[in-house]
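Kindly produce the complete structure, drawing on both the sequences and the hints.
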Amino acid sequence: MNDRVPDYAVPVRRRMTALAATATNYLVLTVGALVYVAPILFMIVASFKPDERVLPEAGTWQAFFPERTTAENYGDVFERVRFGRYMLNSMLVTGSIVGGGLVVNSLAGYALARLQWRGRGAVFRVVLALMILPLEAIAVPLFYETTLLGWRDTYVVQIVPFVANAFAIYLFYSFFLGMPKELEEAARIDGAGVWRTLVEIILPNAKPAFAAAAITTFLMYWGLYLWPLMVTTHEDVRPLPLAVATFRTLPPLNWGDIMAFAVMMVAPVLVVFIIFQRWFVRGVAASGMKG
Amino acid sequence: MTRRLNDNTPTAWPLVLPAVVGLVAFVAVPFLLALFLSLTNLRLGSPLPLEYVGLRQYVRIFTAPSFQRALVNNAVFAMVVVPVQTTLALALAILLNRGLRGMAIFRTLFFMPVVFPMALVAVVWELLYAPGSTGTLNAFLGTVTLGWWEPKAFLHDAFWALPAIMVLSIWQGLGFQMVILLAGLQSIPDQLYEAASIDGAGKLSQFWHVTLPQLRNPLVFVVLLTGILAFRVFDQVQILTQGGPNDATTTVMYEAVTAAFSRQQVARASAMTVVFFLIVLAITLGQRMLVREEREVA
Amino acid sequence: MASVELRNVDKVFPDGTRAVSGLSFDVRDGEFVVLVGPSGCGKSTILRMLAGLEEVTSGEILIDGRSVNHLPPQKRNTAMVFQNYALYPHKTVRQNLAFPLRMMEVPRDERNERISQVAEILGLTPWLDRRPKQLSGGQRQRVAMGRAMVRKPAVFLLDEPLSNLDAKLRVQVRAEIAGLQRRMQTTTVYVTHDQVEAMTLGERVAVLLDGQLQQVGTGQELYEQPANVFVAGFIGSPGMNIFCSRLRRGEGDTFMLEFGDTQLAVPNEVIDRYGRVEDLLDEPFLAGLRPEAFSPAEEASGTNRIRVRVASSEALGHENIVYFNSPVRMHGQETITAGAGGEEHAAGRMAARLPAAGSSPSADDEFTLAVDTGKLVLFSQEDGTLRSQK
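Residue numbers (the numbering used here), protein chains in the order written: chain S, 62 to 352; chain W, 13 to 310; chain E, 22 to 411.
Everything labelled a hint here was simulated from the structure, so no lab data went into it.
This structure is a prediction, so every number in the text was calculated from the model and none was measured.
Built from N, CA and C at the ideal position, the CB exists for glycine as well.
Among the clues, some could well be false.
As the list claims (entries may be wrong) - Capping the alpha-carbon separation at 25 angstroms, the derived lysine-lysine pairs in DSS-like fashion look like this: (1) E/K189 x E/K154; (2) E/K154 x S/K242; (3) S/K242 x E/K189; (4) S/K268 x E/K112; (5) E/K112 x E/K154; (6) E/K96 x S/K268; (7) E/K112 x E/K96; (8) E/K173 x E/K96; (9) E/K173 x S/K268; (10) S/K242 x S/K268; (11) E/K189 x E/K112.
What the hints assert, rightly or not - Simulated restraints on C-beta separations: (12) W/S274 x S/F126: 41 to 49 angstroms; (13) S/M152 x E/M205: 57 to 65 angstroms; (14) W/P26 x E/L149: 31 to 39 angstroms.
Here it is, written out as structure tokens:
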């Protein structure tokens with residue numbers, strides 16, 4: 062390395078190393094992204110290939126750049142199974158869990174954060190304790206409990222146990238704790254009771270918490286497989302994750318169809334995600350910071 | 013007796029009641045039930061009467077080779093996936109934090125798999141793992157190693173099955189960690205880096221002395237989360253390998269669900285889930301202690 | 022409109038902090054009273070107890086003769102202006118003003134009328150449909166006041182409403198608040214840490230320290246007859262000079278105040294105020310002289326002349342505040358200072374308010390001051406309170 066670099070060359074060299082760094086940055090990211098996204102591309106392309114060509118060509122360029130494309134797989138899916146119904150089930154179940162959860166958990170979070178009441182300490186400790194229990198720890202006994210209630214093969218069994226969510230309650234609790242007290246005090250002095258303050262003053266200002274809770278809850282339950290596997294047998298109520306796994310074992314084994322099923326399954330969520338990605342990212346990050 | 017001025021008990025309970033009922037009925041009660049059942053001999057359809065058997069179920073599962081293997085598999089999973097996924101996520105987050113244009117696109121691409129249900133990821137990767145030289149991954153590895161690679165039937169190979177599952181799990185979860193770490197990185201004030209560089213710290217030094225300490229909380233959180241997830245593995249295993257070949261990919265939850273449904277051994281399954289819970293508890297308490305340590309120091 | 026009474030009020034927080042002790046005073050119907058004191062003196066806590074936001078540990082609070090200890094804020098008919106305004110951020114100005122009226126179930130027509138009136142008075146009419154984040158600090162402050170005014174409450178409670186405004190705006194709004202209150206004649210309790218605000222706004226001022234009431238009175242009373250050395254030092258900027266001294270008999274029927282190596286003549290009227298002169302002689306006490314008691318003198322001879330050396334000074338344009346080395350031991354000053362020549366002075370500083378003339382004095386200048394002892398105040402040595410007056 063030549064140490065005696067003329068003065069005017071130093072800024073140039075610094076600029077060039079900066080440029081090189083940026084270029085490497087982009088290069089690494091692009092390669093990484095391509096490799097990373099490859100399975101998704103593969104899935105999409107395969108869904109447009111004739112069934113018999115999917116597997117044999119999986120290891121070739123035609124996996125990504127097909128010679129022949131067809132849309133018949135998509136039609137086949139609908140002929141073979143009730144895809145529409147599955148989609149409806151997933152949306153209904155997840156939507157209800159998220160919607161119900163937003164109401165139930167936000168109210169509870171607020172009561173814990175801002176009101177004084179008998180039993181508050183005990184309830185808070187219970188929430189903290191239950192926060193670390195993942196579904197799997199209670200799935201088996203919960204299964205028997207819900208069977209006793211006669212809830213097998215229903216929407217109810219897929220929704221109700223998950224509406225009250227300790228993690229979401231904690232999320233709302235932290236958020237409400239962080240809100241300035243003066244707003245509520247001003248409302249109280251202005252004559253508003255607890256309910257009115259909640260509905261008119263607090264909740265309209267809690268949008269970030271709602272977004273974070275909605276998105277994390279959605280991500281938790283949209284792809285749920287274990288639970289529906291345990292508690293449902295009838296197609297009428299089965300959600301998409303279960304359906305895709307069963308479809309995969311349904312003879313005849315047409316990979317094209319399976320990939321088409323997969324694409325249709327993620328497409329709506331992916332579109333929503335891409336449109337609202339900033340909210341998704343913010344919501345995920347928010348729960349991460351709270352953790 | 014006049015009520016205290018700020019006591020809101022009658023108004024608060026309706027707010028909190030649905031959540032309390034839900035949590036108690038559908039989380040607390042099943043948990044206690046699991047504890048209770050694990051100490052019995054309950055097996056549905058069995059002619060034996062229900063009786064208390066103490067820790068016999070636990071002894072049984074810990075001496076069962078398949079459950080032992082499951083614990084080992086989950087532990088291996090945790091010990092590999094957690095560092096690998098976290099390092100990759102951190103690396104990506106750092107690359108994305110440079111403030112260059114178009115970062116949002118990359119961020120979206122890396123995050124996409126997170127919105128995919130694991131069941132779906134499993135089905136797609138099954139195709140990628142197709143055996144023989146025509147399988148995508150086999151073909152790719154064959155090309156990259158210039159023919160040295162011999163095609164493997166990943167999901168049916170006692171050695172490669174678990175790694176195969178680990179790879180697809182990392183693929184699905186990476187984006188989530190990356191987003192959290194990215195948020196953590198973005199919350200580090202520039203001034204810390206400026207002060208460090210004025211003090212003479214180079215890039216590597218800055219990373220070690222500024223970035224990592226500031227990232228401590230998000231890092232601990234993602235490590236904890238991924239660690240717990242490592243023990244929850246079920247979907248992929250159930251769909252792709254059913255625990256095989258020869259228990260090579262069995263996990264605690266897979267064993268538990270199989271015991272409960274295929275063999276009606278409710279008590280045994282409950283014992284397994286209790287063990288699972290204790291592991292999760294240990295990990296969580298470990299994290300809480302780590303975080304508390306930092307708070308005291310700060 | 023209502024009277025407010027606090028009777029022996031104590032406030033102890035759950036963690037044991039005693040915020041208010043044995044507080045008793047009244048506010049007359051329509052009066053403007055200011056609570057003033059340093060941070061942590063309990064003034065905001067008192068306001069919050071009046072509002073119903075904090076519970077009273079013991080004692081009673083009466084509004085219009087009714088005990089309100091157990092009434093929640095909603096039922097007390099008080100209105101509060103918060104330091105940070107606490108405007109509802111998602112509502113427009115109009116909706117912010119309407120909210121309390123809706124809670125009071127005022128019918129819509131009257132509601133709109135009151136809102137227009139208040140908006141008119143406060144100059145908010147063009148902003149009625151904006152949200153708080155679109156408004157400047159001064160405008161937000163007016164909305165906060167408007168929200169209180171629109172209710173026509175019995176008592177206005179204002180918690181340091183001016184502290185978030187810049188200095189110029191503060192002076193302007195201060196005058197407006199005073200004018201508004203005169204018009205509306207609503208009983209007002211106003212909290213501030215700024216004694217200038219207190220003196221200019223309050224019909225009566227209550228000075229607080231560590232949760233205890235030091236003195237209540239008009240600004241003039243507090244200034245000329247401070248009840249103790251804290252009030253003397255707190256009111257006035259700079260505060261009263263308080264020093265240790267004794268009274269001696271002088272020639273004839275006069276009395277002299279010890280003042281370092283000189284003595285100052287004290288008018289008999291001053292002595293008479295403090296009871297029997299025999300009790301005063303030769304006993305150590307604390308004496309107070311305001312900075313205005315000093316004036317520049319031409320000759321060094323004559324009564325009540327002192328020669329002083331300047332320590333530092335502040336030029337304010339119309340006057341200078343000159344700090345000079347005190348010839349006597351000052352109360353409450355422990356510092357040992359070094360002069361420019363390196364000598365140490367084990368004495369404190371006194372402040373003098375002198376008219377600006379030419380250049381301002383610099384450190385170590387020496388000159389002669391005349392001392393007017395006509396407004397001398399005496400405090401007891403033991404507890405710093407005003408010696409009893411006839």
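Status of the hints after comparison with the structure:
1. E/K189 x E/K154: The given pair, whose Cα atoms are some 22 angstroms apart, holds under the 25 angstroms limit.
2. E/K154 x S/K242: At roughly 18 angstroms apart (the allowed maximum being 25 angstroms), S/K242 and E/K154 satisfy the hint.
3. S/K242 x E/K189: violated, 29 angstroms
4. S/K268 x E/K112: holds, 15 angstroms
5. E/K112 x E/K154: Holds. E/K112 to E/K154 sits at ~10 angstroms (cutoff 25 angstroms).
6. E/K96 x S/K268: violated, 31 angstroms
7. E/K112 x E/K96: Answer holds: E/K112 to E/K96 is near 24 angstroms, not above 25 angstroms.
8. E/K173 x E/K96: holds, 14 angstroms
9. E/K173 x S/K268: violated, 33 angstroms
10. S/K242 x S/K268: holds, 17 angstroms
11. E/K189 x E/K112: violated, 29 angstroms
12. W/S274 x S/F126: 41 to 49 angstroms: holds, 44 angstroms
13. S/M152 x E/M205: 57 to 65 angstroms: holds, 58 angstroms
14. W/P26 x E/L149: 31 to 39 angstroms: Holds, at about 36 angstroms.
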